[in-house]
Amino acid sequence: MRIGLWLRNTQYVNMNKTLVIGVGNTFRGDDGVGLIVARRVRKAVPPEVTVLEQSGEGAALMEAWQGADVVILVDAASSGAEPGTIHRFEAQQQAIPSRFFHYSTHAFSVAEAVEMARALGSLPPRLLVYGIEGKSFAAGQELSPEAAQAADIVTAQILAFLSDVAPSFV
Amino acid sequence: MTEKHINVDYLARVEGEGALRVKILDAQVTDVQLNIFEPPRFFEAFLRGRGYQETIDIVARICGICPVAYQMSAAHALEKALGVTPPEGVRPLRRLLYLGEWIESHGLHLFMLHLPDFLGYESAIEMAGIPELRPLVEQGLRLKKTGNQLMTVIGGREIHPISVCAGGFYRAPRPAQLQALAPDLEWGLETAVETVRWAADLHYPDFEADYEFVSLSHPDEYPINEGHIISSSGLDISMEEYEDHFSEIHVAHSNALQSRYVNGSGEGGSYLVGPLARVNLNFAKLSPTAQETAREIGFSVPERNPFKSLLARGLELIHAFDESLDIIRHYEEPRPSRTKLPARLTPGEGMHATEAPRGLLYHRYRVDENGLITFAKIVAPTSQNLKRIEDDLWQYVPGVMDLPLEEATLRCEQLVRSYDPCISCATHFLKLDIERT
Numbered sequence: 005m006r007i008g009l010w011l012r013n014t015q016y017v018n019m020n021k022t023l024v025i026g027v028g029n030t031f032r033g034d035d036g037v038g039l040i041v042a043r044r045v046r047k048a049v050p051p052e053v054t055v056l057e058q059s060g061e062g063a064a065l066m067e068a069w070q071g072a073d074v075v076i077l078v079d080a081a082s083s084g085a086e087p088g089t090i091h092r093f094e095a096q097q098q099a100i101p102s103r104f105f106h107y108s109t110h111a112f113s114v115a116e117a118v119e120m121a122r123a124l125g126s127l128p129p130r131l132l133v134y135g136i137e138g139k140s141f142a143a144g145q146e147l148s149p150e151a152a153q154a155a156d157i158v159t160a161q162i163l164a165f166l167s168d169v170a171p172s173f174v
Numbered sequence: 002m003t004e005k006h007i008n009v010d011y012l013a014r015v016e017g018e019g020a021l022r023v024k025i026l027d028a029q030v031t032d033v034q035l036n037i038f039e040p041p042r043f044f045e046a047f048l049r050g051r052g053y054q055e056t057i058d059i060v061a062r063i064c065g066i067c068p069v070a071y072q073m074s075a076a077h078a079l080e081k082a083l084g085v086t087p088p089e090g091v092r093p094l095r096r097l098l099y100l101g102e103w104i105e106s107h108g109l110h111l112f113m114l115h116l117p118d119f120l121g122y123e124s125a126i127e128m129a130g131i132p133e134l135r136p137l138v139e140q141g142l143r144l145k146k147t148g149n150q151l152m153t154v155i156g157g158r159e160i161h162p163i164s165v166c167a168g169g170f171y172r173a174p175r176p177a178q179l180q181a182l183a184p185d186l187e188w189g190l191e192t193a194v195e196t197v198r199w200a201a202d203l204h205y206p207d208f209e210a211d212y213e214f215v216s217l218s219h220p221d222e223y224p225i226n227e228g229h230i231i232s233s234s235g236l237d238i239s240m241e242e243y244e245d246h247f248s249e250i251h252v253a254h255s256n257a258l259q260s261r262y263v264n265g266s267g268e269g270g271s272y273l274v275g276p277l278a279r280v281n282l283n284f285a286k287l288s289p290t291a292q293e294t295a296r297e298i299g300f301s302v303p304e305r306n307p308f309k310s311l312l313a314r315g316l317e318l319i320h321a322f323d324e325s326l327d328i329i330r331h332y333e334e335p336r337p338s339r340t341k342l343p344a345r346l347t348p349g350e351g352m353h354a355t356e357a358p359r360g361l362l363y364h365r366y367r368v369d370e371n372g373l374i375t376f377a378k379i380v381a382p383t384s385q386n387l388k389r390i391e392d393d394l395w396q397y398v399p400g401v402m403d404l405p406l407e408e409a410t411l412r413c414e415q416l417v418r419s420y421d422p423c424i425s426c427a428t429h430f431l432k433l434d435i436e437r438t
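Sequence order for the protein chains is Y and R.
For the first sequence, the numbering used here assigns the number 5 to the initial residue and increments by one for each residue that follows.
For the second sequence, the numbering used here assigns the number 2 to the initial residue and increments by one for each residue that follows.
Next up, chain Y with everything else stripped away, as it sits in the complex:
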């Protein structure tokens, strides 16, 4: 049996090419929120869905999503919005503001990787980027209550997205 899902534009997608990437650093407070979401998603999905944890280094991200059809990426954001705010971008349709994820220490990070991939014509067919507005990025391993609550919501949304397109797998 083929394991797969149909995107809304009716393109057939192999479940093996569905990727969830959590980005961040669990030693820097809310910067770890993307990794925490990824770990929760991993526990709830079948092994056909690849779940990766990354630091947010842009070239490695571009490498990771190469060949994937559906990519969901979650990172902490620091855009000045209320802590816990959930930002959601469809990368194929909109640009990612360059300073949006600047809290990851990389000069070439999530936003740059998305825009570079766009310029090089190598964006995945579908790339959904979640940004969870963080409150504290100081050294430490605890999430703020705002980020923790947003992590619950984003995890549920990702699982709902995956089950929406492939109900038998989630």
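Beta-carbon label-pair distances, calculated as ranges:
hint : chain 1 : residue 1 : chain 2 : residue 2 : range
1    : Y       : 139       : R       : 400       : 43 to 51 Å
2    : R       : 123       : Y       : 84        : 21 to 29 Å
3    : R       : 119       : Y       : 71        : 28 to 36 Å
4    : R       : 376       : Y       : 126       : 42 to 50 Å
5    : R       : 376       : Y       : 142       : 17 to 25 Å
6    : R       : 400       : Y       : 126       : 35 to 43 Å
7    : Y       : 160       : R       : 130       : 31 to 39 Å
8    : Y       : 84        : R       : 219       : 46 to 54 Å
9    : R       : 296       : Y       : 139       : 51 to 59 Å
Partial selection, computed: residues in chain R whose CB lies under 7 Å from chain Y:
hint : residue
10   : 15
11   : 16
12   : 113
13   : 130
14   : 145
Just so you know, the hints here were simulated from the structure itself, not pulled from any lab data.
Think of the CB as a built atom: it goes at the ideal place given N, C-alpha and C, for glycine as much as any other residue.
Position chain R relative to chain Y; hints supplied.
What follows is chain R alone, placed relative to chain Y:
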């Protein structure tokens, strides 16, 4: 009275957050400040009470940009503190892992962060949209990827490698895993040579400064993990003497500490660490291909133009590919891959410096009998270069201040970016007792 300001509120294409402020009064530079406003993260305090092996993992995450450098300085310092010697075969493997990080870091900086300045583009993303420059960007990404691959095979992960430990490696790669990388590394070597030849014809602003270059030096090899500390004015000390000659001070405008070279008179001056210092002080230890390429393009040491650190990075890229291939050719899997430490330890103190992509990275730790850290001190390369960047700007700005403001600003940014500053790293090391005005 005419007052002019060069302000960059957010320095792009550097790691972390910083701003630049230059004040010019009646055609005289009256103030230069490299402001660092990322919040300090108190990692040194964070390390106290942690186990020594855990410390090696934590320091790798202080900076996602050069995790291997942090792991290496920490592993060596902790091995000294605990009196442990890794098994034979660990040494070349550590060098290879570190070379992977140099390739990754230099590849990123040269192509993605620095080159746009020389070609007149805002970013590498913009360059990727221009058909004739696109291959250059793709080349940069591929070069960087070869470094990532080395780090993945040896370190277990691309970022924050997990195989390094005090005593050696938790797990060493099989020879076949490394040999599989040889074709990519050979491509990298060729590409790095071509890149340096090509980059030699870029326009480098006419500027030189009288630097105190500081780096490690080793009798038999290009310095990475071992050696003693030397400077262009003749300093030659062991790593244990580092803190007698270099001190950190707080400056009001910055969240980071700035380092000073303390000479006989007691008055501390700025100094320069990083690729330009290393190449200048260790030229004869570069691989033959790197030396030959340098001669071919007319790069001679000492080179005192900071903008030409781009070429120094390129020469180190050549060296890194060359030496990586050499290590892989002779690689034998170390067995065992680590020296195990007893549960009950002799308390001790150890200090060690290695050459991070951006320059000298110094760590000192005290460890108790349970293997817990009681004291940690980390001096990042960018903290050491901060004062030198400001000194450069004092000297450089008079030559560009009559240009239209936008161009003058860009030129200053280009100079700052020559240092590949990692502002993120520089701010991690504030002490808890810092006072700010």
